[in-house]
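Engineer: Since the structure of chain A is already known, use the hints to place chains B and C on it.
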Amino acid sequence: MAVQSVQPSEGPELVQLLTPEGERVEHPDYTLELSVDQYRELYRDLVMVRRIDTEATALQRQGELGLWASLLGQEAAQVGAGRALQSQDFAFPTYREHGVAYCKGVDPVTLLGLFRGVNQGGWNPYDKGFQLYTIVIGSQTLHATGYAMGLQRDGSDGAVMAFFGDGASSQGDVNEAFVWSSVFQAPVVFFCQNNQWAISEPLERQSRIPLYQRAQGFGFPGVRVDGNDVLAVLAVARDALTRAREGSGPTLIEAFTYRMGPHTTSDDPTRYRLAAELETWKLKDPIERMKAYLSRGGMADGDFFAQIDGEADALAAHIREGCLTLPDPDPISLFDHVYAGGSSLLDEEREQLASYLSSFEEAVH
Amino acid sequence: MATLTLGKALNEGLRKALEDDPKVLIMGEDVGRLGGVFRVTDGLQKDFGEDRVIDTPLAESGIVGTAVGLAIRGFRPVCEIQFDGFVFPAFDQIVSQVAKMHYRSAGHVKLPITIRIPFGGGIGAVEHHSESPESYFCHTPGLKVVACSNPLDAYWMVQQAVASDDPVVFFEPKRRYWDKADVDAAAGAPRSLWQANVARTGSTATLITYGPSVKTCLEAANAAESDGHDLEVVDLRALSPIDWDTVIASVQKTGRAIVVAETPVYASLAAEVAARITERCFYTLEAPVLRVCGFSTPYPTSRIEEDYLPDLDRILDAVDRSLAF
Amino acid sequence: MPTFKDFKLPDLGEGLTEGEILKWLVQPGDDVKLNQPIVEVETAKAAVEIPSPYAGIVSALHHSEGDTVDVGSPIITFDVDPSGTATDAGIAAPAQTKVAAQADMVPQVPHEPGMIGSPAPKAGSEEKIEVLVGSGPKSGKLTRRPRKVAAVEPAASEPAAGAAPKPQPARVSAAGVGARAAALATEVHVLAKPPVRKLARDLGVDLRVISGTGPSGTITRADVESAADGGAPEPVAAAPRRAVDFDPATREQRIPIKGVRKMMASAMVDSAFTAPHVTIFTTVDVTPMMELVERLRGTKDFADVRVSPLLIVAKALLLAVRRNPLINSTWDDAAQEIVVKDYVNLGIAAATPRGLIVPNIKDVDALTLPELAGELQQLVATARDGRTAPADMQGGTITITNVGVFGVDNGTPILNPGESAILCFGAVRDMPWVHEGQIAVRKVTQLSLSFDHRIVDGQLGSQFIADVAALMADPTLFLAWS
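Order-wise, the sequence lines are chains A, B and C. Heads up: the first sequence at position 192 corresponds to 192 in the working numbering, and the numbers run straight through without jumps. Add 365 to a position in the second sequence, counting from 1, and you land on the number used in the working numbering. Add 690 to a position in the third sequence, counting from 1, and you land on the number used in the working numbering.
Don't read these hints as lab results, they were simulated from the structure. Cβ coordinates follow ideal geometry from the N, Cα and C atoms, glycine included. One should not assume that every hint holds.
[Unchecked claim] Within a straight-line C-alpha distance of at most 25 Å, the following computed PhoX-like cross-link-like pairs (lysine-lysine) qualify:
#1 K713/C to K723/C
#2 K475/B to K128/A
#3 K545/B to K381/B
#4 K291/A to K128/A
#5 K104/A to K475/B
#6 K888/C to K618/B
#7 K388/B to K128/A
[Claimed, not checked] Calculated from the model, a selection of chain B residues having no Cβ within reach of chain A, i.e. all distances over 12 Å:
#8 A367
#9 D385
#10 G408
#11 G472
#12 G489
#13 A550
#14 A551
#15 R556
#16 N587
#17 A603
#18 T643
#19 T666
#20 L688
[As the list claims (entries may be wrong)] Which stretches of chain C does chain A cover? Using the computed rule of at least three CB atoms under 8 Å from a CB of chain A, they are:
#21 700-710
#22 728-738
In isolation and in its complexed conformation, chain A is listed as follows (with noise of 0.2 Å):
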């Protein structure tokens, strides 16, 4: 039996609205149209979720953080699912959508708390409609997924958006996430960031098809989209986006990408990868193109392009001063928030590490 190969192929396969050398092509599905202002602000989100991702990777190599995943690569991915995001849907990140959090509106300094350790994340889900980074490896689709089932009991027109990688995409619970969105009609979109490597294996030791047609086995349609096309990307989410909300159920995207970075700060591509194969994508950079579509069509100059980058600046700024001023937590904070309604066992240990640590001649901290 032939096993189709799961590289992308050419033409209507893989959908692509703007080309890596930033040329504005069509799709017989998908269109988009934007006023010259979006498509700058793409720009600049782009640009500005890349300076995050190098300013956060330079304070973990500083040691101000313990960790860091880094998006490098993958921003046009992130920014366009997370811009056809609207202010009532709910996203479900993994631990490397910092991308999606700052397109719905997330200071990327509360991203970093869990990073430095001195929180588990603790920021308020609610506010912007962007759950807690989840490091289980596929959890977060079943979280989407009943979330999903609650808008549909609540009559809501919100949708949620479930994001995970190709490694994910191996996990029971998100092939679980597929069988329950697909049996309730859920809306809810599985945005699968393909970035062909999970840690050092890469798509082959996860699948012997091309993931977007794993959906048609659930019952829903799936999609593989250039995932350093931002318009493509956007255009897709949004479609997805709105069959869910119209009652029309799941829809699989495979946004296909690549990791330009290590898995996280602690890995070392270089033991599994060839330096080529980083050269190939460094030509499909997400940015560049978007860069190129912008300064061919007349759309931006060099002064919009230098004021993006002291924006960037400023907002690097920002995230090294709001890093380093996070405060440390009271060792006794450790019993807070075990339990909405208390516990009676953790009263009295919280008051037994109280009296121990008073009982020392200096404070620990």
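Structural biologist: Frame of chain A, contents of chains B and C only:
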């Protein structure tokens, strides 16, 4: 006042919970049209509809995982795990997601999920249908764990669990589903969900137990009267957190404690009870705290399960050993 | 002024402890921007470029390429305010630094001792190393943090339980402590349930001197209560005047050999069959001593204590020990040595409701006479109450047994184990006595001395008892011999 089986009392309690709060949902395998394999949800889908009493795909992680999402959305899902041995596919969602969400979100996200699990043996079942996995969940911070033992408690405790803003793993003694007792719904809940109940007062020794073993202990206490022993029986009801005040007061009165449960004894909830009593009652203990539990084996085949389960004789043997000190 | 900032090697990858400097991308004197790559470091996980955490002038590099550096060690120092003026003349200018850097990459820039130009402190040393955020396996502490006084109290785990009794300060010599420790090490663990232990502690009863009547010899609550009430568990101790519970069938009573009786029996057998005993006797006119006792009773110094003939005997014994030190010694069979003691722990054999015990007063030769009187009085009272602590029964060096209180003239006492002499003091009687050439009614008593003939020979024994007798017969000798 009505005479109800424990299963029917749960059914009535769930019905009340569905009536009281439109956000309450019931979800699980076969809970709708069939009314559950133990008929605990019998008739509820007919009265509350398929959107509130949901027959789910056969995927336990999916049941609990989607319940998390529903709870984030503001619902109060009551998940039924069909049998104790089937909870493990959902274990990751329960211990990594359900238990920690409130903590990780610094209190912003509440997950008022009730996970009902029929547990324990003694029904002549095939494997995976007779287990007592409560110790795993008691060991997990962020979860609350309770076990009912009689129809009155079943009626009230299930409502209290559903009303809790914390996730509650709710263990139901499956071999007591058909036990009957009077339930006076008008009288109000006899006690908080987190309070233990002194099911029988006595002075010779304290039997500390929960779930299906409560009845066994009460029977043992009655039998012990002919030996001249006046046993006290404490029904823990809440397994995490435990109402230590009631336990400690009883042991300080009798000076002897025997923990009875079906769970495999090693590193079990019974071990925690024994350790805590030793810490808190050291100077009143006339004998070491003894445990009468399941053995440290997989749950055995049904033809010999009576030899595995704590029964009247094993309990009274432990009483004798305690009194010999 | 120039503001120097060190950058310490962070944990670059979740729990790493060190990294190797692969390549410096900047040199001392370079003007560096924030996030400009400054060094390539290889860890166990990956080779990474580190971006500069500061904008400023590089003032020093602390490690050469190829060096393996502990996480938390300073690797580079920046001057983040180079336009300022130095207040410390010792701070090197960048140019100098560069020269040094070219020499060996480890410039000697003396600004903060221990931070630059000297090796970075190693993990685990006293100085706290900042391993920065979320990073590095934390090295365990090697010393305890100081606690506030009385931070650790007995666990008040049972509120109903009474407060733990405060330990009694004991006057125990170093040797006494050692002896007690040795004695404890050989003791059998008592068997008693926790609530019985608690009761014993609350009542001040020492479980080690009680024999249990419970199963397997466990000590019961009743045993403790009896002991606290004065020794019922040893019914024979005060048995002669008590109604004896004879079995009507055998017309016998079987009394368990246990407790103080058992301990006494064991000690006496050990002593009698280990040390070759010799007992010598002398009779003394103690009329002057009895007059002295009367006079002392009238003095203010002794207003609060009981003055007994035993007090003078004890004092006489102490002086005689000083004149005959070998009498106050131990036969160390294991070491094949005689251990002569420069201190006297004076044992007083005491009849108590629970039987014979021999508590001793530690370092008794250091006491004044009123102090000694007080100690004797306390010792007797404690013994009668059955509250003598085990420590008070250990470490004795020489003993007086006062059989006179029973109206007996004298005896041949058995040595307290481990001691080499025991002085027996009989009843003081009005006796006809040749006094200054005339028959007179005098206060007369008998002394006897049992001694361990392995240590003490007849001459020494005789000299010792003669000295004691002389002091009792003529207390003015106390002045002469002191």
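Engineer: If a hint holds in the structure, say so; if it doesn't, say that too.
Structural biologist: Status of each hint after checking the structure:
no. : hint             : result
1   : K713/C to K723/C : 18 Å, holds
2   : K475/B to K128/A : 17 Å, holds
3   : K545/B to K381/B : 19 Å, holds
4   : K291/A to K128/A : 29 Å, violated
5   : K104/A to K475/B : 22 Å, holds
6   : K888/C to K618/B : 16 Å, holds
7   : K388/B to K128/A : 23 Å, holds
8   : A367             : 30 Å, holds
9   : D385             : 17 Å, holds
10  : G408             : 21 Å, holds
11  : G472             : 4 Å, violated
12  : G489             : 32 Å, holds
13  : A550             : 24 Å, holds
14  : A551             : 26 Å, holds
15  : R556             : 14 Å, holds
16  : N587             : 32 Å, holds
17  : A603             : 9 Å, violated
18  : T643             : 16 Å, holds
19  : T666             : 30 Å, holds
20  : L688             : 31 Å, holds
21  : 700-710          : holds (count 5)
22  : 728-738          : holds (count 4)
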